[in-house]
Structures are given as C-alpha cells and as structure tokens.
Amino acid sequence: MYIIIALVALVFVVLTGIVISRLQNVIRGINKSDSTEVVTSGNKVNGAMFIVILILGAVGITWSYLHSTEFYLPEASSVHGRRTDDLFWFSMGILTIPFIFVNFLLFFFAWKYQYKKGTRATFYPENHKLELIWTIVPAIVMALLVFTGWKAWSDITSDAPRDSEVIEITGKQFNWIVRYGGVDNNKLGDYNYKLIDAQNEVGIDLADENSFDDFTNPSEMHIPAGRPVLLRIRARDVLHSVFIPHMRVKMDAVPGMPTKFWFVADKTTADMRAETGNPKFDYEIACTEVCGQGHFSMKMRLIVDDEASYKKWCAEQATFLQTYPEYLAKVPENLKAKAMKYVPAEAGAPADSSATSAGGAGASTSLR
Amino acid sequence: MSAIEGLETAHHHADEHEHHHEAQNFWQKYIFCEDHKVIAKQYLITGILWAVIGITMSVIFRIQLGLPDSNLSWLKPVLGGWISDAGKLDPNFYLALVTMHGTIMVFFVLTAGLSGTFSNFLIPLQIGARDMASGFMNMLSYWFFFIASVVMFASLFLQQGPAAGGWVIYPPLSALPQAHPGSGMGMTLWLASMALFIVSQLLGGINYITTVINLRTRGMSFDRLPLTIWSFLITAVLGLISFPVLFSSVLLLIFDRHFGTSFYLSDIYINGEALPNVGGSPILFQHLFWFLGHPEVYIVLLPALGITSEVIATNSRKPIFGYRAMIASMLGIAFLAFIVWAHHMFVTGMNPFLGSVFMFLTLIIAVPSAVKGFNYITTLWKGNIVFTPGMLFSIGLVSLFVSGGLTGIILGNSALDIQLHDTYFVVAHFHLVMGAASAFGLFAGVYHWFPKMFGRMMSTSLGQIHFWLTFIGIYLVFIPMHYVGIAGFPRRYYQFTSYDFTHKFMDMNMFISIAAIFTFFAQFIFLWNFFYSIFKGRKAPQNPWRSNTLEWTAPINPGHGNWEGDIPAVYRWSYDYSKPGAKEDFIPQNIPYSQTPESNLPHENEQIAMEKLIESQNFNDQFKSNH
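Residue numbers (the numbering used here), protein chains in the order written: chain A, 3 to 370; chain B, 7 to 633.
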C-alpha cells in the first residue's frame, strides 16, 4: 500500500514539475505576437510526451497488473467457472495484442510525424486493400471468440441434469432465504407470494403435499460437492441478483419471473480452506443488482459439503411445519394426516427448535 | 421553393432580407434566441455546469469507496443531513449520488452538452446554411432541456433525496416508493425531467436531420460533407428512433407508479403487504430501456468520433484516411446499435438463446469500430502533426476508444459476462469507451471551435497541460478499475467491508479515488481557460488552424445568418490537406478546381466543367426565400 502511495506521490511531483515548467511558457507566450504558421508552442514537448507516456504506461500497466494478481479470486470452484475463466484469460491474451499494437502505433506516429518546418504531409486518402485487411482480420478473430463463447454459454445455460440437487433461493430486502425440498420426497412444494407473512417468508403453499418436508434457512446455504446443483431463483420485492463469486455464478432474481442457474461445485469449503491456507475461508453469496439501502451487505454464507455431510446436514434441519406447527391449520383436511408426520408431538405449542426429524417422525407415529 | 425561384433570388443582393432588420432586445438576443450559435453556447454552458455537478458527485462517492474511514464532516455545509454526525455518508444518499452521476453525465452532459452544442453550432456553419431549418423549434429544444435541467436540479434538494435506483432505474425498485426513499418524489421528478429531456432531444434531432438534408449550400453534396456533419446526422437519426422508446418505457413506469397498472410489476410482497399487481414483467422495462440505452452509447460517442475525424485530419495536415469507409463504419455502427441492446441483459433470466443471438450481433460491432481506429492511425501516419489542444484530445480519444472498446469484446461474450456483469470491470469498460472518450470529444470540439464561437483563442499551453493531466488521470482511474472488477467487486456498493471477497484490495480502491480527485482538479485548468478566454483571450485570426471547412470562411464573429453577402459555394471535399503541387498545405472547400490547376488530380480536372452548374444552382438561402 505504501508503495502505491509513494507511486502516486511521485506521479504528482513529476506532473507538478511539468505544469510549472509549462506555465512559464504560458507566461512567456502571452507577449508573443501571433504568427501566421499554425505551429503551436511546445510542439516538440508534446510529441516527446507521447513517448514518455508510452514507456511509463507500459511499465505501469505491467507492474500494476502483476501487483493485482494476488488479489484476484482463487481458481474457480466450479466446473463451468474454470472454463469461463480460461476463456476470459484467453480472450484477454488475444486482446492485449491489439491493445499494445494500436496504442503503440498511435503514440509512436504522434511523436514520429510531429510538425517539422519545411516538410509536408503525404496526401494519402485511401487504400482499399489495407482497409479490407483490417476489416477481415478483426472479423475472423471475432468469429473465433464468438464461437468459443457461444459453446460455453450454451453448455452453461443448457437444462440442468436430472440428478441435480434443486434448491430455491429467494432475494428480499436485504437478505437471501434458501428453501430445500426436504429429505423425504426432496421436492420443493408450490409457493404463492400472497401466502407470505412474517414466518412464511417465501410463501410456501401448504396445500401442496410436497411442501410438508420443505425447510428454509435465512443465513446459510449448503450444497453438495461434485454433483449438479440447480438454483431456482426468486425475488420477493425488487430485483436482486445471486452472485457467487468463487463459483462464477450470477443470475438475476426477478419478482414474478423465476430464473435458474445450475452448476457443479467441486471444491468443498474444507478443500478451499486447505487450498487458500485460510482456516476462516467461506464461500459467499452477494447481490449484484441494486436493491436499496442494504444492497452492499446482502450476504449469505455458502457451505459446500461432501455428499455425506450434506445429507447429514439436510437431515438435521427442522422442517417448516416443525418450526411453525400452527401452519398445520393451512393444510387442507384431506392432507392433514400426511402433514401430521412433520409436526412435533406438542402440536400447536411454541416451536421447539431442538426437535430433530427423528423426533418428529416418532411423534407422528404415536399420533397415528 | 422551386429551383426557378432560387435562380431568381440568386441575383438579388444580400441586404434584401428586410425581415431580419428589426433590432433585437437582450431577451431575444441571448435568452430566447433562435440563432443556432447562441443556442449552441447555451447548450455548452449548461452542459459544463452539469459536468461540474456530475463529476463532483463522483468525487464524493469515490472518497466513500476509496477512503472509507475518512471523516466527511467538512461536506456538512453542502450535504447537510446526508452526512451523519459521525461524518459518514448516508448509504441511501450514496446510491442517489451514483444514480445522479450517471444520469447527469450520460444525458445532460454527453448528450445535450456534446451533441446539442456541436450539432447546433456546426451543422449550419459547415454545410453553408443561414441557420437551422426551424430556429423556433431549435429554441424550444434548448428550453425544454433547460426545464428538464431545472426539474432534475430541484430533485437534488428533496428531503428524501433524488432518484436512487441506478441510472437505469430498473423497476420494481424505481416503481415502489416503499422500497427506497429515492423511489418517491425523487423518482417522480426524474421521470418528469427525462420526459421533458426526450421532447428536447426530438425537437433538436428533427431539426438537425432536416437542416442537413435540405439546407446544404450549392455544391455541398453528401460525399463532400465533413465527417462531423455525417456523425451529427447519424446521431440525430439514432436519437429520433430510440428516444421515443425510452419515452414509452418512462410513461409506462409513471402509470405503474401512479395509476395502479402492472406493466412492470408482478408477485410483489413488500413491507408486510402483498401487492395486487400480477402479470407484469420487470424484464419488459429492461428491454425498452436498453433499446434506447444502447443506441444512447453511440448517440454520445458518434459526435465525438465525428469531431475527432475533423480535428485529426486538420492537424495532421492530411486527408482523413478512408473517408467513405468512415461513413460506412458509422452507418454500420448505427445500424448494429439497434440490435444489440440485450447484451446488457445476459443474466437477467432472458432466454439463453436470445443471449447467443445478441452475443453474435454485439461482437460484429467490433469490426466497424476497428476500421475507425485503424483509419485514425493511418491518418496520423506520415502527417505533419500540430499538437493543438484539440488534436491532443482527439488522439487521446482514439486511445481511450480502443482501450475501452477492447474490453467490450470480453463483456459482449455472454459466457464471460456471467462473472463480470455488474462488476467494476463493466464500470471501467464503459467509462473509458463511452464516458472518457466522449468527454475527450467534447474537449477537442471546444478547443478547436472556441475561436469560431467566441472570436478569441484559448490558451494553447494551458490546454496542453489540461490534456496531459486528464489523459494520465483517466488511465490511472480506469486501468486499475479493471483489476478490481476481475477480483469480482460488484458495482453500486456503499462499502466493501461486508464480504470477505471484497474486504481486501483497499490500496487499489484508494489509488483509484486519489487519481479521480487528481483528475477532477485538473479540470479547473480547463474551466479557468474557458471562461477567462471568453473575455480576455487573444483575438482569433480568420482561420486559426488553417482548416478547409466552411465555418472558417464566415466572419470571425459571425452575425445572424453566418455569412455577409452570399453563402459560399462548395466545389470539393473538406479534406484537401497537403495536396501535392498545391501552394499551401490546405485548400478550403469553397475554392473551385479551376483556381488550383497545379494540384488537381485527373478526375478533378473533369469537375471544372461542373462548376458553372454549381454556381447556377439554387442558393438555398433562407433569408432569400419567400415567406
């Protein structure tokens, strides 16, 4: 950091020097009578500046790039993420060539062909062959980039594999809520935004029996490693956008229009902790579509488990009906019996957070 | 008016336009003026004032982002309650600043300030017309812009703050006052202001197009138009097609906000209440918005490229390389601009197939853009370059345009956009290619045409210093911003301390902020130079840059009607610089080939026969037409 400050200070000093030296020219220039020649004062200085900036710019960009690499995200933790990363750096590599080439020519020509007394510019209005070349070459490069990008894009956005773990994530001002299909039928129940209230934050529709074993979590999302995960993305109030930087996942959450994104995470949180050497490392979910005051802190922890721990975690979660047994009232009569299985024994009493699914199952047996 | 009438009027004398003789009072002369030159200056000054406000805002939020621990109490006299007692910026006001910075810079500075100024100023002067086709509409255009400005400015002082949903004002955030304080009265005024602004743009655009098509002087065929005029014409067409779409999206949003419709709203539960709206789509707004929003990028950029073409050719003392290719690429860019809008929406949940289509179309734009870049460079090649401030800014523009444009190839690739969308990589990209490049076009234009506007010269040395400080400053701000974007930092974040993945890289953000403040202060050199030179600058010579275009044949301080006596006729294109054999290294457009036998190319000698025809043509003089 101090190097940067020092660098900035240096730039300031150099520029101040230039300004002062040039200002003297200004003062001298005021008394000059106008000449008929176009030549502006300081033509040579400005020509030289192009070369100075060219060299300083090349050094500065190289150095600052190398300095920055340590702050970039670690290698992507998802299969498609590594692919888009490779594609990104490949494209950047290709584009660096015209970046250097064009800026070099521009600055070099500006210096080389600066005004010289007695010389005259070359009258050179067109050259169709040259123009054809620099139309076709970019077109070919574009075609290459489009094709690789299109292949990646259509693979990433293809339908999720059948064995995907389906998880619903809902954005609201200003946090995320995840919902799982539950351990028994592993299917997400229906929802309806009109059913949302203080407890039923995502509007679970208890008229659908698939919803009985659903469980929600407002603070962390667990996903299994090495298996496709399909995110069903919803928004409750305004636009949000699910951003999982380490997974290279991003998709907007749109009220009234569910969206989706599937990916395969193949590095567990524990793997990443070992890889980064940071025992506190955590995957994070952020919001990237401006959504109001708390936009910058819509954080959710993401934990990537191996299959066994993931299964275990899911089994330990209290279902929505377990947590809020009073919602049993919303279950239609013909499904009540089924729903009872997920309600703790002391139905109607305040939620018992320590109740496990095993306990719940036991209770339902006795009720039956 | 028919051609025969024109022939007749050609023999009349210039002093016959009696209906322009009545003396004008102060109001008619400087305020409600119908003269295109005064209107251009009104646009320019208003644009500069807006730029000062817009850039100041960016400095305030850059301090917040780069120096988050700083105590901002010193801003309390200006911002009042938006600074907490502990000296911290209010997060809601941060969003308002970001939003207003974008709105002001894109619409009020780079659309009105750039296109409004130079289309108005240069079109009549460079095509050889007395004024715009309709001076009255032109005046209305400015005053609608002025009212839009007043409304937007007033919104800055609201208790709840101005609009704050990002300059793209995506609903439902912008549609629901309960979602954010900035979506209340601030958004109402934003929408009202934009509606007025669109009216202003349409009035202006119709005028520019009509003037270019109908009021060109004798001999000024389309293939002799300077590239500036081509760019203004194409820009006006773009605006005329796309701004009405923004108007419709704004109108529908107003309906959703005030009249209970559900164009953009569906399935919303907010503040403990489920709203009755169903069936609308927030994505619809994004489609409508970006149908303007993307052409808007070119509405901002094309005039800057046109100005650059003119300034680079003049100061390289060379014809612009590939005049026809330049026009073709501008037309190509303009056409493609309308069919790429959804590349802003790759990750909005839009059908991925559409994403593929828009990726393909987007990347095609790189081809005409590359042609333009290479043509500028070839124009410099073997030139005899004079580094006037206008020239420096034009060269700078090409550099920024290329550097910023290249990352567009990354972002236009939908697979790569997944990670980069709404990160600082995008911010860096569009600030270089559209923001800074267009601002450089504005500077180039001001430095180059200041002598024609005010009859005085700006200080060259101060202009050169201003250029170098700005050019270096811009790169110091936006190159590091790419790194921040690659590191995954999302935009429109009040602070970066909430996440582990953004709770680092503080030195880089600090560096960017310091560079931004540095660049900000460099602009005061320009402000001083500009306002000082209006009153105290050296008197301008007739043709200070030894340029070919028609405006330099008008008096140094052109009066109403631009030329005393007849409007000059045009015999050649505007790029006859350094023609082999010619006495001087430039031959203005109004010099007939018959006067320059020493430098004529074979096919040009044949055109000498055409000169009689040009001279006998309709003057197309508004002062001489029968009303």
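No wet-lab data here; the hints were simulated from the structure.
It cannot be assumed that every hint is accurate.
[To be verified] With a cut-off of at most 27 angstroms between alpha-carbon atoms, the simulated DSS-like pairs for lysine-lysine come out as follows: (1) A/Lys118 - B/Lys35; (2) A/Lys119 - B/Lys94; (3) A/Lys301 - A/Lys340; (4) B/Lys388 - A/Lys118; (5) B/Lys82 - A/Lys46; (6) A/Lys189 - A/Lys313; (7) A/Lys119 - A/Lys46; (8) A/Lys338 - A/Lys189; (9) A/Lys301 - A/Lys314; (10) B/Lys618 - B/Lys589; (11) B/Lys510 - A/Lys282; (12) A/Lys189 - A/Lys314; (13) A/Lys282 - A/Lys301; (14) A/Lys46 - A/Lys196; (15) A/Lys119 - B/Lys589; (16) A/Lys343 - A/Lys314; (17) A/Lys282 - A/Lys189; (18) A/Lys314 - A/Lys340; (19) B/Lys589 - A/Lys114; (20) A/Lys196 - A/Lys262; (21) A/Lys46 - B/Lys589; (22) B/Lys47 - B/Lys545; (23) A/Lys196 - A/Lys332; (24) A/Lys131 - A/Lys46; (25) A/Lys196 - A/Lys314; (26) A/Lys314 - A/Lys153; (27) B/Lys388 - A/Lys114; (28) B/Lys94 - A/Lys301; (29) B/Lys35 - B/Lys47; (30) A/Lys189 - A/Lys343; (31) A/Lys118 - B/Lys589; (32) A/Lys119 - B/Lys47; (33) A/Lys46 - B/Lys618; (34) A/Lys119 - A/Lys131; (35) A/Lys131 - B/Lys545; (36) A/Lys301 - A/Lys196; (37) A/Lys262 - A/Lys301; (38) B/Lys510 - A/Lys301.
Status of each hint after checking the structure:
The suggested pairing of A/Lys118 with B/Lys35 is violated, with an alpha-carbon distance near 45 angstroms, which exceeds 27 angstroms. A C-alpha spacing of about 58 angstroms is found between A/Lys119 and B/Lys94, which places the hinted pair above 27 angstroms, so the restraint is violated. Of the supplied pair hints, the one linking A/Lys301 and A/Lys340 is violated, its CA atoms being roughly 36 angstroms apart against a limit of 27 angstroms. The suggested pairing of B/Lys388 with A/Lys118 holds, with an alpha-carbon distance near 11 angstroms, which does not exceed 27 angstroms.
A C-alpha spacing of about 47 angstroms is found between B/Lys82 and A/Lys46, which places the hinted pair above 27 angstroms, so the restraint is violated. Using a Cα cut-off of 27 angstroms, the hinted pair A/Lys189 and A/Lys313 holds, with the two alpha carbons roughly 15 angstroms apart. At roughly 12 angstroms between alpha-carbon atoms, A/Lys119 and A/Lys46 fall within 27 angstroms of each other, so this suggested pair holds. Under the criterion of a C-alpha separation no larger than 27 angstroms, the hint pairing A/Lys338 with A/Lys189 is consistent with the structure, at around 18 angstroms.
The suggested pairing of A/Lys301 with A/Lys314 holds, with an alpha-carbon distance near 24 angstroms, which does not exceed 27 angstroms. Restraint check: the Cα-Cα separation between B/Lys618 and B/Lys589 comes to about 24 angstroms, which is no more than 27 angstroms; the hinted pair holds. Among the hinted pairs, B/Lys510 with A/Lys282 is consistent with the structure: their alpha-carbon atoms are about 15 angstroms apart, no more than 27 angstroms. As the CA atoms of A/Lys189 and A/Lys314 are separated by approximately 17 angstroms, the hinted pair is consistent with the 27 angstroms bound.
Under the criterion of a C-alpha separation no larger than 27 angstroms, the hint pairing A/Lys282 with A/Lys301 is consistent with the structure, at around 16 angstroms. Restraint check for A/Lys46 and A/Lys196: not satisfied, since their Cα atoms lie roughly 73 angstroms apart, outside the 27 angstroms limit. Distance hint between A/Lys119 and B/Lys589 is fulfilled; the C-alpha atoms sit about 15 angstroms from each other, no more than 27 angstroms. Distance hint between A/Lys343 and A/Lys314 is fulfilled; the C-alpha atoms sit about 20 angstroms from each other, no more than 27 angstroms.
Between A/Lys282 and A/Lys189 the CA atoms are separated by roughly 33 angstroms; this puts the pair beyond 27 angstroms, and the hint is violated. A distance of roughly 23 angstroms separates the Cα atoms of A/Lys314 and A/Lys340; the hinted pair therefore holds under the 27 angstroms criterion. In summary, the hint linking B/Lys589 to A/Lys114 is supported, as the alpha carbons are separated by about 25 angstroms, within the 27 angstroms threshold. Among the hinted pairs, A/Lys196 with A/Lys262 is consistent with the structure: their alpha-carbon atoms are about 22 angstroms apart, no more than 27 angstroms.
Between A/Lys46 and B/Lys589 the alpha-carbon distance is near 26 angstroms, which keeps this suggested pair within the 27 angstroms criterion. For the hint linking B/Lys47 to B/Lys545, the alpha-carbon distance of about 18 angstroms falls within 27 angstroms, and the restraint holds. This hinted pair checks out: A/Lys196 and A/Lys332 have alpha carbons roughly 13 angstroms apart, not beyond 27 angstroms. Pair hint A/Lys131 plus A/Lys46 does not hold up; C-alpha atoms about 34 angstroms apart against a cutoff of 27 angstroms.
With a C-alpha separation of about 33 angstroms, the suggested pair A/Lys196 and A/Lys314 falls outside the 27 angstroms cut-off, and the hint is violated. With a CA separation close to 37 angstroms, the supplied pair A/Lys314 and A/Lys153 exceeds the 27 angstroms bound. Our distance criterion of 27 angstroms between C-alpha atoms is met by B/Lys388 and A/Lys114, whose separation comes to about 8 angstroms. Restraint check for B/Lys94 and A/Lys301: satisfied, since their Cα atoms lie roughly 22 angstroms apart, inside the 27 angstroms limit.
About 12 angstroms separates the Cα atoms of B/Lys35 and B/Lys47, which keeps this hinted pair within 27 angstroms; it holds. The hinted pair formed by A/Lys189 and A/Lys343 meets the criterion: a straight-line CA distance of about 16 angstroms does not exceed 27 angstroms. The suggested pairing of A/Lys118 with B/Lys589 holds, with an alpha-carbon distance near 17 angstroms, which does not exceed 27 angstroms. In summary, the hint linking A/Lys119 to B/Lys47 is not supported, as the alpha carbons are separated by about 36 angstroms, beyond the 27 angstroms threshold.
Note on A/Lys46 and B/Lys618: the hinted pairing is violated, with a Cα-Cα distance of about 46 angstroms set against a maximum of 27 angstroms. The hinted pair formed by A/Lys119 and A/Lys131 fails the criterion: a straight-line CA distance of about 32 angstroms is larger than 27 angstroms. For the proposed pair A/Lys131 and B/Lys545, the alpha carbon gap of about 45 angstroms is over 27 angstroms, so the pair is violated. For the given pair, A/Lys301 sits about 26 angstroms from A/Lys196 by alpha-carbon distance, which is consistent with the 27 angstroms threshold.
Note on A/Lys262 and A/Lys301: the hinted pairing holds, with a Cα-Cα distance of about 19 angstroms set against a maximum of 27 angstroms. At roughly 16 angstroms between alpha-carbon atoms, B/Lys510 and A/Lys301 fall within 27 angstroms of each other, so this suggested pair holds.
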